[in-house]
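**Student:** Residue numbers (the numbering used here), protein chains in the order written: chain A, 3 to 336; chain B, 25 to 271.
One thing to keep in mind: the hints can contain errors.
As the list claims (entries may be wrong) - Take a look, some chain A residues computed to stay more than 10 angstroms from chain B by CB distance:
1) Arg-41
2) Gly-100
3) Gly-144
4) Leu-196
5) Ser-257
6) Leu-263
7) Gln-310
8) Gly-314
What the hints assert, rightly or not - Here are the in silico distance ranges between beta carbons for each label pair:
9) Glu-139/A - Val-90/B: 43 to 49 angstroms
10) Gly-119/A - Gly-110/B: 32 to 38 angstroms
11) Gly-110/B - Asp-168/A: 39 to 45 angstroms
12) Ser-152/A - Arg-269/B: 55 to 61 angstroms
13) Arg-269/B - Thr-69/A: 55 to 61 angstroms
14) Leu-135/A - Ile-261/B: 39 to 45 angstroms
15) Asp-134/A - Thr-108/B: 40 to 46 angstroms
16) Ala-118/B - Asn-145/A: 41 to 47 angstroms
17) Phe-188/B - Val-85/A: 16 to 22 angstroms
Claimed, not checked - Anything over 10 angstroms on all C-beta distances counts as not near chain A; from chain B, calculated:
18) Ile-93
19) Val-132
20) Ser-230
21) Leu-235
22) Asp-256
Don't read these hints as lab results, they were simulated from the structure. From the three backbone atoms N, C-alpha and C, an ideal C-beta is built for every residue, glycine too.
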Amino acid sequence: MSENPGSSPDTMIYLEGVSKRYPDQGKDAVAGLSMEIKRGEFVVLVGPSGCGKTTTLRMINRLVEPTEGRIWIDGKDVTHVDVDQLRRGIGYVIQQIGLLPHLTIAENVALVPKLLGVAKNKRRERAEELLDLVGLEPATYGNRYPRQLSGGQQQRVGVARALAADPPVMLTDEPFGAVDPIAREKLQLEFLRLQERIRKTIVLVTHDIDEALRLGDRIAIFGPGSRLAQFDTPLQILSNPADDFVRDFVGAGASVRRLTLLKVGDVIGTSTMEASSVLTTVEVDPGESVHRALEKVLAAGAEGVNVQLAGGASRIIDIQGLLTAAAQRTPVPS
Amino acid sequence: MERVTVPGTRRSTAWVVPAIVLLLVVGITVYVGSVPLDSSETRSLAPEVIFTSLWQHVQLVVVSTVLTIAIGVPLGVLLTRSRTKGAGAVVLAAANAGQAIPSIGVLVLLAMIFGVGFWMAVIALVAYALLPVLRNTMVGIRQVDRALIDAGRGMGMSAREVLFTIELPLAVPVMLAGIRVALILNVGVATLAAFTNAGGLGSIISSGIALNRMPVLIVGSVLTICLALTVDWLAGIAERRLRPRGI
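Just chain A, same shape as in the assembly:
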């Protein structure tokens, strides 16, 4: 097993030369894709429709059987294991949510434990625990039916169901695609907060680059012809797009969007400028984004920020200085 590329303890999912070819189509839906996803990492697959991102996701739990290549999950080659057993160990969330309308919310959440043969009272307990985790009061919602819940609530139940058997990996296909924009942003934030607590390895498919930038630790941008155009952190993708396709796909405003990802603390570290102390300033935290800091400055009509550093020190920098520093700070290619 020494040649096993998926056996590194840091690696959770490893795709090696994976292809999918449909007999009635000329070109491959996915061609020779290799990818490594680390333990606890949140990876977003993004790209225009027909780029193979959903096919790639569905090959990981073998809802689509790869034509070629091998897939490792947690150091184990899963290309030939029993599919039902495999899928019970992988959380799966889809855009349509897919709650069974004739089962209660608690029964829906407990579906996978039931498949795994967990006793009824244990299942019930687990369902309540998970509903709590996704912010739905079990006593209120457990005995309701899916149609009695709003779209956003249903999607939270979908996430709870995917987590029921405590799988290390969660696959999510456009999970926020069917909810309205306001609920979507709220759900995205909740999902991020949830991920901070549970630290699963998450693969999420979306066509929305903003969603990808907001959620992903790393983003895989798929180009036409199912080419993996770039697989990197959001900041790198905004700062150093690999090619014109990525630049176009990320779209206008990349430099402004970068500001939401850059932290004030990181930026001033590289800044050599020092502003005079006569400025009107607002206090900001080094952990805040440059974007947020600028917003505070503009809202207060101030001229600069006063960064509260660790150990009681502080540092003043004006708007121009902050922007110049942010523009200069190009992350080193990883």
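Chain A is fixed; fit chain B onto it per the hints.
**Tutor:** Just chain B now, with coordinates in the frame of chain A:
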């Protein structure tokens, strides 16, 4: 909670059908008691004759419907499996054609081939009532949202678990509607069983025609109507009870 109600079974209106049936039975009893009956009418309308016919009729309907379900539901399930998609269309077309043949024709043909009697009539009834059960089973399963099946497969359900946890429960309302149609068809077609010597309310009607006795004919017809209404009413209640909650 908003729920689809089966017509005629809402609690507030559920008494209408039994009331009509009761009125019809009382009416026909009063009518028969008030007209002078001759000897052949008295013989044809003797209580034991009526109850025997009614009982035979109920037996025909129950046995043929149970058999129709026992054949139609598994066959419908089989024909919706991915391996049998082609066969499904063929069987459905054949069953549709079978439905177009007049039931008396089927009955007479079967009687000529296999002889007469109770089981002959049952075979004809099953052949005739199979279509709605088969078709509704197939339609009911096919109309289940693909996303639910995808979700089920994605969480690791086997094909069998998907069938029993997702497809069949969600097809139940459509399947029940087909079974209800089959039941009503059977009550009507079973009157023709008299021609193959299987008894039933049809024998009262046919002797009314043969003897040219209006009271006999009316009693046979009205009882058939009452039985059909009662069966439909019971089926409606069963439909409401068996429909899964939440859909």
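**Student:** What are the numbers of the hints that this structure violates, sorted from low to high?
**Tutor:** Result: hints 2, 12, 13 break, sorted rising.
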